[in-house]
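Peer 1: Here's the letter readout for the chains.
There are 2 protein chains.
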Amino acid sequence: MSSEHARVANFGAGPSALPVSVLEEASKGLLNFQGTGIGIAELSHRSKEFQAFVNNMESLIRTQLDVPPTHRILFTQGGGSMQFSAVVLNMLARHRLLHPERAAEDTVLDYVVTGSWSKKAVEEAQRMGGARVNVVVDSRTFSESGKAFDIIPPHDACKFSEDPALIYYCENETVDGVEFSHEDASPASFPFHLLGKNGGLVPLVADYSSSFMCRPIPHLADHAIIYAGAQKNIGPAGLTILIVREDCIVDVDAAAKLGASPVPLTMSYKTLADSGSLYNTPSVLPMYISGLVLERMQRHGGLKHYEETNKRKAEKVYAVLREGQEKGVFKRKVKEGSGSWMNVVFEVVGPDAEKAFLEGAERAGMMGLKGHRSVGGIRVSLYNAVTEPEVDQFVEYAKQFIAERSA
Amino acid sequence: MSSEHARVANFGAGPSALPVSVLEEASKGLLNFQGTGIGIAELSHRSKEFQAFVNNMESLIRTQLDVPPTHRILFTQGGGSMQFSAVVLNMLARHRLLHPERAAEDTVLDYVVTGSWSKKAVEEAQRMGGARVNVVVDSRTFSESGKAFDIIPPHDACKFSEDPALIYYCENETVDGVEFSHEDASPASFPFHLLGKNGGLVPLVADYSSSFMCRPIPHLADHAIIYAGAQKNIGPAGLTILIVREDCIVDVDAAAKLGASPVPLTMSYKTLADSGSLYNTPSVLPMYISGLVLERMQRHGGLKHYEETNKRKAEKVYAVLREGQEKGVFKRKVKEGSGSWMNVVFEVVGPDAEKAFLEGAERAGMMGLKGHRSVGGIRVSLYNAVTEPEVDQFVEYAKQFIAERSA
Numbered sequence: 001m002s003s004e005h006a007r008v009a010n011f012g013a014g015p016s017a018l019p020v021s022v023l024e025e026a027s028k029g030l031l032n033f034q035g036t037g038i039g040i041a042e043l044s045h046r047s048k049e050f051q052a053f054v055n056n057m058e059s060l061i062r063t064q065l066d067v068p069p070t071h072r073i074l075f076t077q078g079g080g081s082m083q084f085s086a087v088v089l090n091m092l093a094r095h096r097l098l099h100p101e102r103a104a105e106d107t108v109l110d111y112v113v114t115g116s117w118s119k120k121a122v123e124e125a126q127r128m129g130g131a132r133v134n135v136v137v138d139s140r141t142f143s144e145s146g147k148a149f150d151i152i153p154p155h156d157a158c159k160f161s162e163d164p165a166l167i168y169y170c171e172n173e174t175v176d177g178v179e180f181s182h183e184d185a186s187p188a189s190f191p192f193h194l195l196g197k198n199g200g201l202v203p204l205v206a207d208y209s210s211s212f213m214c215r216p217i218p219h220l221a222d223h224a225i226i227y228a229g230a231q232k233n234i235g236p237a238g239l240t241i242l243i244v245r246e247d248c249i250v251d252v253d254a255a256a257k258l259g260a261s262p263v264p265l266t267m268s269y270k271t272l273a274d275s276g277s278l279y280n281t282p283s284v285l286p287m288y289i290s291g292l293v294l295e296r297m298q299r300h301g302g303l304k305h306y307e308e309t310n311k312r313k314a315e316k317v318y319a320v321l322r323e324g325q326e327k328g329v330f331k332r333k334v335k336e337g338s339g340s341w342m343n344v345v346f347e348v349v350g351p352d353a354e355k356a357f358l359e360g361a362e363r364a365g366m367m368g369l370k371g372h373r374s375v376g377g378i379r380v381s382l383y384n385a386v387t388e389p390e391v392d393q394f395v396e397y398a399k400q401f402i403a404e405r406s407a
Numbered sequence: 001m002s003s004e005h006a007r008v009a010n011f012g013a014g015p016s017a018l019p020v021s022v023l024e025e026a027s028k029g030l031l032n033f034q035g036t037g038i039g040i041a042e043l044s045h046r047s048k049e050f051q052a053f054v055n056n057m058e059s060l061i062r063t064q065l066d067v068p069p070t071h072r073i074l075f076t077q078g079g080g081s082m083q084f085s086a087v088v089l090n091m092l093a094r095h096r097l098l099h100p101e102r103a104a105e106d107t108v109l110d111y112v113v114t115g116s117w118s119k120k121a122v123e124e125a126q127r128m129g130g131a132r133v134n135v136v137v138d139s140r141t142f143s144e145s146g147k148a149f150d151i152i153p154p155h156d157a158c159k160f161s162e163d164p165a166l167i168y169y170c171e172n173e174t175v176d177g178v179e180f181s182h183e184d185a186s187p188a189s190f191p192f193h194l195l196g197k198n199g200g201l202v203p204l205v206a207d208y209s210s211s212f213m214c215r216p217i218p219h220l221a222d223h224a225i226i227y228a229g230a231q232k233n234i235g236p237a238g239l240t241i242l243i244v245r246e247d248c249i250v251d252v253d254a255a256a257k258l259g260a261s262p263v264p265l266t267m268s269y270k271t272l273a274d275s276g277s278l279y280n281t282p283s284v285l286p287m288y289i290s291g292l293v294l295e296r297m298q299r300h301g302g303l304k305h306y307e308e309t310n311k312r313k314a315e316k317v318y319a320v321l322r323e324g325q326e327k328g329v330f331k332r333k334v335k336e337g338s339g340s341w342m343n344v345v346f347e348v349v350g351p352d353a354e355k356a357f358l359e360g361a362e363r364a365g366m367m368g369l370k371g372h373r374s375v376g377g378i379r380v381s382l383y384n385a386v387t388e389p390e391v392d393q394f395v396e397y398a399k400q401f402i403a404e405r406s407a
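Taken in order, these protein sequences are the chains called P and E.
Anchor point for the first sequence: position 350 equals 350 in UniProt numbering, and the numbering is continuous, going up by one each time.
Anchor point for the second sequence: position 182 equals 182 in UniProt numbering, and the numbering is continuous, going up by one each time.
None of these hints come from the bench; they were simulated from the model.
Careful, some of the hints might be misleading.
With a straight-line Cα cutoff of 25 angstroms, these simulated DSS-like cross-link-like pairs (lysine-lysine) come out [claimed, not checked]: (1) P:K355 <-> E:K48; (2) P:K120 <-> E:K270; (3) P:K28 <-> P:K147; (4) E:K355 <-> P:K48; (5) P:K28 <-> E:K48.
As the structure is a prediction and not an experimental result, all values here were calculated from the model.
Extracted from the complex, chain P is given alone in its bound form (with noise of 0.2 angstroms):
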């Protein structure tokens, strides 16, 4: 298709860059949805082809991420900021279930905030009520200025509480680039062993938006609710996918009766649960791209595949930031170790650099670099879809920059 060559390439942030074998199939499918003569937007979400669509769909994340049986996977509407609210009303629910006689002021929530999205998180709990908001860590008290969040904070400052109704990380942080390790053994991978001292199920609520299907979840079956838009790595806007353990789907009507506040039906994960996330209709086409892109995910080797390449395109972009922080061109923001392999940020020195490096970069044919307007500086999103030649040109062109720069 001949507008594939008018494309640039797009590292933003989100909505982000999808292949373009997956659009093209989807224009098909806009129009004629698997020889029904009906386009996938025009089709009942009850109808066979649709619920067999969202059947496989659900199969191949529980296949590539290892989902184990004890955890649902489940669709709905109204993005990460949505779930800020339904995981704590879901969470209150359950909570309440299991401590009828508990008081709200005794009820506590613990947020892990290392981020832009946490810090939101945390705010919208405040909100909603019904517990104290208990925050374990706020990382930018580890940073140098005390207001940046450019670290992930050691294990030992994380205070969690005896028994909290939820504990609350986001594993990638969107707009800072911080992100939590991979490796148990790093001092920047989530503390995953000062939870749970009890032998309990740990209510564990994880962010995953802009990580999710980029790599396997380290101790995904030790999570309550895993949760991420699908805009990042995997589809289109509208879109949202949760991973949520049985024990979490509660009748929260009933938990209503005993004083927790009532959650709106579409938020509720036991409606979606009990109707296979088609209690009213849900977005089918994002659906369907997203599930398109995970059928080529699963084609090209799944996530050990994506893992792979996913490092090497960090490591690359990471090496080209260090060679120009040593040139005094570019300067990181995110402490060693912390880094992102999904957002890389980064300033350039010097008075309009940014506008020049933005400019030169958009020139080049590379979009959507610009950081976060809270923040501002770089940002180089490496999304599933950002392809290593893509990675390449973007290297290619920073070293130039800095060459240009440092003469």
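Put chain E on the given structure of chain P with help from the hints.
Peer 2: Chain E only, in chain P's frame:
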């Protein structure tokens, strides 16, 4: 595009037919949106191109529906089912700010129940708590069996409360095929004249999901909230459109401090309004296709054109139903005068007759005619994208069927 020729006539109730020309344009935009070199699903929702697109969508709705400056047009996710909860939470917050002293048991929500969807809305209001739910009228009490939603009840049956936090109705009941008349003089119109006797702003909330943008909205300016899922007349599932009067966009946090239930941030109309519907990533792709449909509507003469066409389409189908009923082949399910333009429901008389009717239709290239699983029968959905030739094709088939069966 050759795929068009393989397409069938889609009379599904939603997700439902979309114009082929729009789907063809969208399939190009999937790979390259407005020459940006980035597909629409990959483009930042903060980009100037997408912001301009959203502003234009808003203006296309405002112009065609003649939305006054007293009302905001907002876009969100989650469908009508999410609005069942959201209208209650936002309107209870508004009511709390107006009457800080009023107890929950003295706060009333008025519901006009005329079908499956308004019944679901009542159930969700009861779940959400914080007020007494008053069923103003239940149209089943006016049906012959006492069980069917088959008539719009007479005006004097509506017993509105003195000062309710909201008055709710569903303009068109997609499952049951009943609809309020658009003519004030009709006994099947909504009893607007019974409202707002005190001269104040009436808290009138309308679910317009399945008739939004099929014709003008009577008394639009008197509504507090009008909402609609896109997936009937204007786009793919995953987009909800709201028209909200300014006085219903309230500080939900201030209301919560006075004892109202906290409103999840993504459900708060204030969040949506303050951010221009871009608080978090919206469902970009469903918005895009809806925008293309709205542009096409404008080009084709706006709502006046669609009102005329939809009226003709419905009249043709009701005419053949009347003929079939006279000959004992069909049986209308809805009383004369209460029938929907968008969803025409009937039964086919005789053993296995419905099955034969559906199979014959499918062989003739017509899909989506099966009634909702909760009520059975046949349902012919006649949304904007169902063309007049397709309706003629259906009428022709129905005539043939009548001839064969009554021979």
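Peer 1: Now, for every hint given, state plainly whether the structure supports it.
Peer 2: Checked hints:
The hinted pair formed by K355 (chain P) and K48 (chain E) meets the criterion: a straight-line CA distance of about 18 angstroms does not exceed 25 angstroms. Straight-line distance between C-alpha atoms of K120 (chain P) and K270 (chain E) comes to about 17 angstroms, which keeps the hinted pair within the 25 angstroms bound. Of the supplied pair hints, the one linking K28 (chain P) and K147 (chain P) is violated, its CA atoms being roughly 49 angstroms apart against a limit of 25 angstroms. For the suggested pair K355 (chain E) and K48 (chain P), the alpha carbons sit about 17 angstroms apart, so the restraint of at most 25 angstroms is met.
Under the criterion of a C-alpha separation no larger than 25 angstroms, the hint pairing K28 (chain P) with K48 (chain E) is inconsistent with the structure, at around 28 angstroms.
In terms of the numbered hints stated before, the structure departs from hints 3, 5, listed from lowest to highest.
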